[in-house]
Amino acid sequence: MDLEKLLNKVLKMGVDEAALMLVERNKRQVRFSNNDIDISKAWLESQIDVFLSKGKHVFLTTIKDLNNAESQIEKYIKLLPNLPPNEDFYGINPEKQGYSKSRIDRDILELDLENLASEVIDGAIDKGALRAAGVVYRDHVKREIATNYNYARDEVANIDVVIRAFNQYRNVGQEAITTAISKELENVREIGEKAGVIASIGDKPRDGREGKFKVLFHPLAFGSLVSYSMWLASAFMVDSGMSFFAGKIGKKTFSEKFTLYDDPTFFSTGYRIFDEEATATQKTPIVESGIVKNYLHNYSTAQKFKAKTTGNAGIVRPHAWQPVMESGTKSYEDLLSEIEEGLYIVNLWYTRFQDYRNGDFSTIPRDGIFYVKNGEIVESWKGIRVTENMVHLFSSIAEVSKEREKVKWWDEVLPSYLPYVLVNDVNITRSTL
Amino acid sequence: MKNVLDKIEAKFAEIRFMKIKSNEVVVKNGVVNGITSSEEHGFAVRVVNEGIGFAATNDVDKLKDAARIALKLSKVRKNSISFSEEKSYEDFWSVEEKKKIEDISLEERTQLLLDIEKKLSAQMKMQSIRDKIIEKEYMNSEGTHIKARIPRVEYFYMMGVMENGSFEQGYRQYGITGGYEVFDMWDMFEILPQEEKNLRSVVKAKKSPEGIFDLIVGPEVAGIVAHESCGHPSEADRILGREAAQAGESFITPEKIGEKIGSPVVNVVDDPTVPNSFGYYKYDEEGVPARRRYLYKEGKINEFLQNRESAGKMKLRSNGAARSSWWNREPIVRMSTTFFEPGDYTEEELFEDVKNGIYMKSFTEWNIDDIRYNQKYVGREAYLIKNGEIAEPVRRPVLEITTPGFYSSVDAVAKDLEFFAGTCGKGDPMQGVDVWMGGPHLRLRNVKLR
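Residue numbers (our numbering), protein chains in the order written: chain W, 1 to 433; chain Y, 1001 to 1450.
The set of hints was computed from the structure by calculation and includes no laboratory data.
Model, not experiment: these values are computed from the prediction.
Be aware that one or more of the hints could be misleading.
Stated by the list, open to error - Derived DEER-like restraints, expressed as beta-carbon distance ranges: (1) E110(W) x R1317(Y): 40 to 46 Å; (2) R1200(Y) x K252(W): 28 to 34 Å; (3) N1003(Y) x M1(W): 26 to 32 Å; (4) F305(W) x N1003(Y): 52 to 58 Å; (5) K1315(Y) x E155(W): 43 to 49 Å; (6) E376(W) x K1260(Y): 38 to 44 Å; (7) I1257(Y) x K252(W): 56 to 62 Å; (8) Y1089(Y) x R25(W): 31 to 37 Å.
What the hints assert, rightly or not - Once the Cα atoms are required to be at most 30 Å apart in a straight line, the calculated DSS-like pairs of lysine-lysine come out as: (9) K1019(Y) x K142(W); (10) K1078(Y) x K183(W); (11) K27(W) x K1019(Y); (12) K1072(Y) x K1315(Y); (13) K304(W) x K1119(Y); (14) K306(W) x K1118(Y); (15) K78(W) x K1021(Y); (16) K1021(Y) x K56(W); (17) K27(W) x K1075(Y); (18) K142(W) x K1072(Y); (19) K1021(Y) x K9(W); (20) K1118(Y) x K54(W); (21) K27(W) x K1147(Y); (22) K1019(Y) x K78(W); (23) K1021(Y) x K12(W); (24) K27(W) x K1136(Y); (25) K212(W) x K1206(Y); (26) K257(W) x K212(W); (27) K1019(Y) x K9(W); (28) K56(W) x K1100(Y); (29) K75(W) x K1147(Y); (30) K1100(Y) x K78(W); (31) K1021(Y) x K75(W); (32) K27(W) x K1313(Y); (33) K142(W) x K1062(Y); (34) K27(W) x K1064(Y); (35) K1021(Y) x K27(W); (36) K1282(Y) x K1087(Y); (37) K1132(Y) x K75(W); (38) K204(W) x K1313(Y); (39) K1062(Y) x K27(W); (40) K27(W) x K1007(Y).
No residue lacks a Cβ here, since even glycine has one placed at the ideal position from N, Cα and C.
When you get a sec, could you build the whole thing from the sequences and use the hints?
Written out as structure tokens, the structure reads:
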């Protein structure tokens, strides 16, 4: 399909601005449980994401029937003048953009996913797990965007490997890594082995206790907290008033050990060179040494906030591409050894806020919850909950590790590159009946 | 479709076609932020041999490719899999819209949201209307051929009020299978101002007291409890470990059928046939007829939700719980409308026997662990109960309790019944499916609150 030709036709149909993004996707997935493959899947999909505006009248659609794209867009354009205006719309980015080079490791496309699944299962079993479940997922996307002002294309491919290993007492270990680099999957068995080791450490989990604990969060666990926070760092949510980041730009809000970027320029699964209005992507500091530096913006939210776009369109809702945290100087082992009495938590899920504005939330540890005494893991726990405030938790970061991991899990954790994070005074609660 | 299906050589094969027209309008703090409309269609081919192969495409020219790929992918499992044996059906079903989706313009939908907003003075407001019309055709290699037309409309709001630096938030979803008569069933011009009034009352209220109390929960809380700690743990694919790496497993194991989970007054069902319910269907996504399932019956674990894959593994028959959220998703075990069956108490009888208690009418934050055993519900609208009467509002009572702890503490169930809409997430890639959940008022004795 000639996207620029289609754009030129659309612009002659009476719109002021248009952004057309053609997305061709070839996805593969292998899901497994109980040490065997349950289902192998493939998707062959293509679509055009369409944005149209006339003055402040805006409209979005996705077209899957590419053969009739022109006539469908023409039909939608007729609706535009009658739609109520979006007073928060200030146009799509008119500035001419310079893009980084598109990057893809094509060897990713040659990897045998069923074989990867077998390898990680075997790795977990070798290290003492009784059974393993998980997913190997490959995404191969070609994107092409054309607006009144810019044109760009890129092609990316990446793989997620998720394994959850169980021992005979249902003690669990999980690894959920993601990468765009095929070499990082040469020893995929090790991913399974790590999950198997975690599952085997704790033997039979005990009921956990309530209290305030020093907690070492695995990158996957901290990824869950960071991913939910990134959603609230979007200018869309800040503008709604439903965000604990609101009113905090330029203020020292968190621990000075906490530096967080949205960085789609880092070559991993969240790598991309343009956003959904063809703005070139960039590394954007959200928090630097505890000071809130930026919200995530598209061109319109940036105008409203008197800021610059950060290349995070969604034309209506800006969103994060790839959270990256600055690393520290101490190793994971150093951080563990600093815990006199505390916990090591591998994963979190079901993070829910009772107060987006102030950051009150709770979330549930899973896939490895360990009680630590004098720097040593002494037992595995179950049945606890982190009941906290996000500002307090990020303010209580004591250290971050020098090691970082590329993590991504299901819909809970964005593709991220994060260290282990040691946090003081984390409030732990549990069920009482 | 039939030609392609007939040429697949397999133990079992199916092709599903879906055409979906959808619209969404979002209004935030008085500004129309997004108007989206789209039409799409696609095919999904699923093939069973040693394992299961699945391929989906939105290009009709690639349907044969999808069938070839699904066939190839169906042969990679070590231990052979078999679906349950089921009867074949040919049918067409649809749901009537009293106020047709296609008769309501995008301008009218937007104006409706703006008019509702004019009734509110809360500092933070977000609303959306979404609708869709799904046309689908399903056929499998055993002769089942089902066509359907399903309209659905949903409304969502999120609201936050600020008083003297203190903040309180609420959000709710309303939805039906049907048309824009959803706004006749629930009058948002009444409900939202009332919600704002409640939030303004709660934001000034004292924190709920800690201690052991009798607790009465409203239908909204009963609904989320039924969904989270009865519906989910009764999904057979979780019980078998099929969702272990994502949504998790279940504290229930196959041999627990018949075991006590709660008091004898507890009955929880899942029923896709409740008329106009948000998750309504006549046949599931494998062409199996829908029916009511008693998940917990008289306080005992009674029946699991099954699709053909899980039922085959358990050597049972499917009870019609296979659903897929979109044309490009595999059918997996899902809930539809999950609720506590009403009992025989009036609401007055429920309250009059409580000397010192808490009434948690609705909830805000909640979560539950991945085996559906440890859960938490935080009250949104809540009150003290003193000598059988509802007294002053209290802020954010917290119930952290186990599943048997909750169901065993229920001593009385009221006659009323209300349903609430939700979008239930499960599967990988994620599948959000439309559901209802609900129940009557429930009374629990001697539970710890904080």
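Task: Structure versus earlier hints - violations, ascending order - done: No numbers; nothing is violated.
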